[in-house]
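Whenever a hint applies, use it, and build me the whole structure from the sequences.
Going line by line, the protein sequences match chains A and B. Each residue of the first sequence is one higher than the last, beginning at 1 in my numbering. Each residue of the second sequence is one higher than the last, beginning at 480 in my numbering.
You can trust all of the hints, since none of them are fake.
Capping the alpha-carbon separation at 30 Å, the derived lysine-lysine pairs in BS3-like fashion look like this:
| no. | chain 1 | residue 1 | chain 2 | residue 2 |
| --- | --- | --- | --- | --- |
| 1 | A | Lys81 | B | Lys483 |
| 2 | A | Lys81 | B | Lys509 |
| 3 | A | Lys81 | B | Lys505 |
| 4 | B | Lys497 | A | Lys81 |
| 5 | A | Lys81 | B | Lys514 |
| 6 | A | Lys131 | B | Lys554 |
| 7 | B | Lys565 | A | Lys216 |
| 8 | A | Lys187 | B | Lys554 |
| 9 | B | Lys554 | A | Lys81 |
| 10 | B | Lys565 | A | Lys20 |
| 11 | A | Lys77 | B | Lys497 |
| 12 | B | Lys497 | A | Lys216 |
| 13 | A | Lys342 | A | Lys308 |
| 14 | A | Lys460 | A | Lys357 |
| 15 | B | Lys554 | A | Lys20 |
In short, the hints are calculated from the structure, not lab data.
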Amino acid sequence: MAKQYETVIGLEVHIELATKTKIFCGCSTEFGGAPNTHTCPVCTGMPGSLPVLNRQVVEYALAIGLATNCKITQVCKFDRKNYFYPDNPQNYQISQLYLPIARDGFVEIDTPSGKKKIRIHEMHMEEDAGKLVHDEWDDTSLVDYNRSGVPLVEIVSEPDMRSADEVIAYLEKLRMIVQYLGASDCKLQEGSMRADVNLSVREAGTDSLGTRTEMKNLNSFKAITHAIEGERARQIELLEAGKDVVQETRRWDDNKEHSYAMRSKEDAQDYRYFPEPDLVPIVISDEWIAQVKARQPELRTEKLERYKKEFDIPQYDAEIITESKRMADIFEAAAAICKKPKKVSNWLMVETMRLMKEYGTEADRLSFSPENLAKLIDLVDDGSISGSVAKKVFEQVFLHDADPEKYVEEHGLKVENDEAALEETVRKVLSDNPKAVEDYRGGKEKALGALMGQTMRAMKGKANPATVNRMLRELLKSE
Amino acid sequence: MANKISDETIEYVGILAKLELSEEEKEAAKEDMEKMLDYIDTLNELDTAGIEPMSHVFPVNNVFREDVVTNGDGKEETLANAPLRKEDSFEVPRTIG
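What follows is the structure in structure tokens.
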């Protein structure tokens, strides 16, 4: 019988913090600026420049550490990691090795066999490197230092994951926690969240770890899944052929769906870490920790419970809505304006989900304002527009954040409350459909539906269905 | 001198620092490093039991700046001494496949 293998995976996750400025200088962290516009002597490593730590970086790191159940290192320091590469103008990266800000935490993920704890070994603060753009035609690379000095936390997990599904669940959990804290937008495509995957395989049932490889350059959940599956297969193939797995760093090529070795252990780097002499230690008092804890926004689990209790929203709906902070924010704000939480929830669960699917966007990218959703709900409720018109108007809200009142006005979608005009239409429908009228009078209640449909069509949806229904019944009775 | 730097060590340190040293330079560097290590050994004469290791000589903690943008477009200053410049980026030998 073929051998069974188990995959053992640990993750190093880098998250760019949502500060306005870099970690050690007052340069902007804004994404997408023209090359080298967000630079100064500090973040380009000019001799004689001195770093000063951004307090907000420590605040965010503390918030993430506490939300992932870590112990906070109350006296922590920075260290210098020395390496030479063009993306690193100082020839060292300021990071934390000996006393990282947080240690020994965990997050819980859902797996098919129940809840599972993924332990966090440590989390540290560090600065990001610059960006290299490779010239297609020239044999050169171009360096942009706008990203140099952007604050990062690196979260190092224990090797507790066993499949790509568990890895994705862990990343989604981390992303949700960090987004809820407002500490980062965690966009994989833009690189504000990046994961390096450490993977080894071993025969099922054994305890010792196999030789692992580290995979870099994974910038979507799909790439992570493919890379894990590919690397597992590659390692098993080596072992089956009686060969050894070489401990090395591999780079994933998403276009070719293939990884290749970047560097092996033989030329592994010796970073010659030493305490950073340009920065003083950080002492985190009990009071500071208490303050950060007190400011901690409501996390997803708490929010979910509150929605069920406060708004009487079913578990499933509450799960969907709280899965993205953006959607939860829209829900709460719209519910507060129109005071109809259940209706807001319905619009999010049905039409919003349908349009997200149709237009292929994610909940985090919803761009309509809660005010406009609330207005739309009010328009339906006071009988100004019919349900079918509301769906059309909502599509405009969803796509362009259209103001429903204006849109309805400009496109003449308002229900006609002119009873005389409506009566005329109803009379015409009745005289045009003698068969249905006869059926109804003969006791076929269903025939009314057909007459309703005809009337609404004739009114181009701009009639209040309840009024049409009443008028049809009255006229059918009287004649 | 009490400390001895081997040929392997000086070779390795040279590789890490991306330095190519001639034989004479290697010998001179070995001698300098030995002297430095001997000097540092002076510290061993002190009894440091029970003393917290320190990373900084000043008794100062928690020096922070607030998260406020203070720097404008620093492009020209940053690129002023670039050995090679292409448009608004530094140009370096190709770094990847």
